Amino acid sequence: MAGYRPPVLCLALAAALLGGCAAPPSKARLYNIGNDMLSTARFYQLDRRYGRLTLRLPDGEQLRGEFTLTRERAPAHSVPEIVRLVISSWSSKAPDAGLSGLPAAGAPDSMAGAFGFKRGDVARPAAVATAVGDRGTAMEIVLYTLDLRRAEGTGIAHDNHGNWYLVRLGI
Amino acid sequence: MCLFAACSTIPKTPARLYSLDNAKLIHVKLFYFGRGYGKASATLPGGATLSGHYAVASGGQPPGRRAAVMADLDTVARRGEFSRVYGYNRSIDSRPVGYAILSDGAGLTLTMILYSVDTTREYGTGVARDNRGRWYRIHIGDLEKD
Numbered sequence: 000m001a002g003y004r005p006p007v008l009c010l011a012l013a014a015a016l017l018g019g020c021a022a023p024p025s026k027a028r029l030y031n032i033g034n035d036m037l038s039t040a041r042f043y044q045l046d047r048r049y050g051r052l053t054l055r056l057p058d059g060e061q062l063r064g065e066f067t068l069t070r071e072r073a074p075a076h077s078v079p080e081i082v083r084l085v086i087s088s089w090s091s092k093a094p095d096a097g098l099s100g101l102p103a104a105g106a107p108d109s110m111a112g113a114f115g116f117k118r119g120d121v122a123r124p125a126a127v128a129t130a131v132g133d134r135g136t137a138m139e140i141v142l143y144t145l146d147l148r149r150a151e152g153t154g155i156a157h158d159n160h161g162n163w164y165l166v167r168l169g170i
Numbered sequence: 000m001c002l003f004a005a006c007s008t009i010p011k012t013p014a015r016l017y018s019l020d021n022a023k024l025i026h027v028k029l030f031y032f033g034r035g036y037g038k039a040s041a042t043l044p045g046g047a048t049l050s051g052h053y054a055v056a057s058g059g060q061p062p063g064r065r066a067a068v069m070a071d072l073d074t075v076a077r078r079g080e081f082s083r084v085y086g087y088n089r090s091i092d093s094r095p096v097g098y099a100i101l102s103d104g105a106g107l108t109l110t111m112i113l114y115s116v117d118t119t120r121e122y123g124t125g126v127a128r129d130n131r132g133r134w135y136r137i138h139i140g141d142l143e144k145d
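Protein sequence lines, in the order shown, are assigned to chains A and B. According to numbering that gives the first Met the number 0, the first sequence is numbered sequentially starting from 0. According to numbering that gives the first Met the number 0, the second sequence is numbered sequentially starting from 0.
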């Protein structure tokens, strides 16, 4: 009977490893518009449409939370021109290029306003994410564009310390 | 034993409300979420409980009831700034798709407004506000389920 245990353990280990490998998290960068600091968020099982999220802030605080994709389909042209310009100038090597001049500088009064949407623009959240940290930070993220197939998106984030972040999913 | 067995078969879809002020969580249960309406209960971080009801417009309820839900939604959602806090802008005629109202029986009430719901796959999102002015993001769904 004892002879059956090692194979069972091996199978369990293999299944756990395969399960872990099968779903690498989708990464997102959060650019703090006030100080150019970067944070990285991980969306687990994005294609399941809701799931867990982890986020590490520059000061080391670890946040945990979750994301939910909505049933909205934001048209590509709904991205404000300034955000489109800034995002198109980003690359993984120069992530902070072009941050100056973002509409969120100052104290926007809404997520849509911080992303640069103006009166008449179509601001429909394509995904919402929320995470909280052990040191009391609460972060809310709204993605206004989302390409689920390519796991790419753009949006805005805000925390309870008054910071605003431009968010890019798919890095 | 019989009672316990009966209780355990009632489908309860979990939801979390994340406080945008103090990073605390409220755990909510929505009963018979696949049906689209029913009782709701919540547990605060300190252990206090709230109870109430919820309804979504896309559920399996009869058409007459669905119209009543939409009328209730208009009344509840338009009282606050739920749409703007959620992420829409003023240009959008945003329609909430569900709501929940919970109370602890001692003066605390919690209003949940849902903007996206899938009752078949049992997940969704929205924003909530209590009558002390605190805002929350809502995430509905069983995170343990594959």
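What the hints contain is simulated information worked out from the structure, not anything from laboratory work. One thing to keep in mind: the hints can contain errors.
Chain A is nowhere near these chain B residues, computed Cβ spacing over 12 Å in every case [said to hold, decoys possible]:
id, residue
1, Pro10
2, Arg15
3, Thr48
4, Ser50
5, Met69
6, Val75
7, Gly86
8, Ser102
9, Asp103
10, Thr108
11, Ile137
Derived DEER-like restraints, expressed as beta-carbon distance ranges [to be verified]:
id, chain 1, residue 1, chain 2, residue 2, range
12, B, His26, A, Thr53, 13 to 23 Å
13, B, Glu143, A, Arg55, 17 to 27 Å
14, A, Asp108, B, Gly63, 15 to 25 Å
15, A, Asn34, B, Pro61, 37 to 47 Å
16, A, Gly59, B, Arg94, 35 to 45 Å
17, B, Asp71, A, Gly33, 34 to 44 Å
18, B, Thr74, A, Ile170, 24 to 34 Å
19, A, Asp108, B, Asp92, 15 to 25 Å
20, A, Glu60, B, Gly63, 30 to 40 Å
21, A, Thr53, B, Ala66, 21 to 31 Å
22, A, Tyr43, B, Arg94, 27 to 37 Å
23, B, Asp73, A, Asp58, 21 to 31 Å
24, A, Gly59, B, Ser50, 33 to 43 Å
This one's a predicted model, so the numbers in the text were calculated from it and none came from an experiment. Idealized CB from N, CA, C, for every residue including glycine.
Now the hints, each set against the structure:
The Cβ of proline 10/B lies farther than 12 Å from every Cβ of chain A, with a closest approach of about 17 Å, so its non-interface assignment holds. With a least CB separation of 7 Å from chain A, arginine 15/B falls inside the 12 Å interface cut-off, contrary to its annotation. Under the 12 Å C-beta cut-off, the non-interface status given to threonine 48/B relative to chain A holds; the minimum distance is some 21 Å. Residue-level check passed: serine 50/B sits 24 Å from the nearest beta carbon of chain A, beyond 12 Å.
Non-interface status of methionine 69/B relative to chain A is upheld: no Cβ of that chain comes within 12 Å, the nearest being about 17 Å off. Consistency note on valine 75/B: stated as away from chain A, and its beta-carbon is indeed over 12 Å from all of that chain's, at 20 Å minimum. Taking the minimum C-beta to C-beta distance to chain A, about 4 Å, the non-interface status of glycine 86/B is violated against the 12 Å cut. Chain A leaves serine 102/B outside its interface by the beta-carbon criterion, the shortest separation being 24 Å against a cut-off of 12 Å.
Every Cβ of chain A is farther than 12 Å from the Cβ of aspartate 103/B; the closest lies at roughly 22 Å, confirming the non-interface assignment. With a least beta-carbon separation of about 21 Å from chain A, threonine 108/B lies farther than 12 Å from that chain, consistent with its non-interface assignment. With 12 Å as the threshold on Cβ separation, the claim that isoleucine 137/B sits away from chain A is violated: the shortest Cβ distance comes to roughly 9 Å. The hinted window of 13 to 23 Å between histidine 26/B and threonine 53/A holds, with their beta carbons roughly 20 Å apart.
One distance hint, 17 to 27 Å for the beta-carbon pair glutamate 143/B and arginine 55/A, holds here, with the actual separation near 24 Å. Our hint of 15 to 25 Å for aspartate 108/A and glycine 63/B is violated, since their Cβ atoms are close to 39 Å apart. Between asparagine 34/A and proline 61/B the Cβ separation comes to about 55 Å, which falls outside the hinted range of 37 to 47 Å. About 41 Å separates the C-beta atoms of glycine 59/A and arginine 94/B, a value consistent with the hinted range of 35 to 45 Å.
Look at aspartate 71/B against glycine 33/A: about 41 Å separates their beta carbons, and that is inside 34 to 44 Å. Under the hint 24 to 34 Å, the C-beta atoms of threonine 74/B and isoleucine 170/A, about 43 Å apart, miss the expected range. Between aspartate 108/A and aspartate 92/B the CB atoms are about 20 Å apart, so this pair conforms to the stated range of 15 to 25 Å. Distance hint for glutamate 60/A and glycine 63/B: a CB-CB separation of about 50 Å, inconsistent with the stated range 30 to 40 Å.
At roughly 42 Å, the beta-carbon separation of threonine 53/A and alanine 66/B lies outside the given 21 to 31 Å, and the hint is violated. The hinted range of 27 to 37 Å is satisfied by tyrosine 43/A and arginine 94/B, whose Cβ atoms lie roughly 30 Å apart. Between aspartate 73/B and aspartate 58/A the beta carbons are some 43 Å apart, a value that contradicts the proposed interval 21 to 31 Å. Glycine 59/A and serine 50/B have their C-beta atoms about 39 Å apart, which keeps the hinted 33 to 43 Å range intact.
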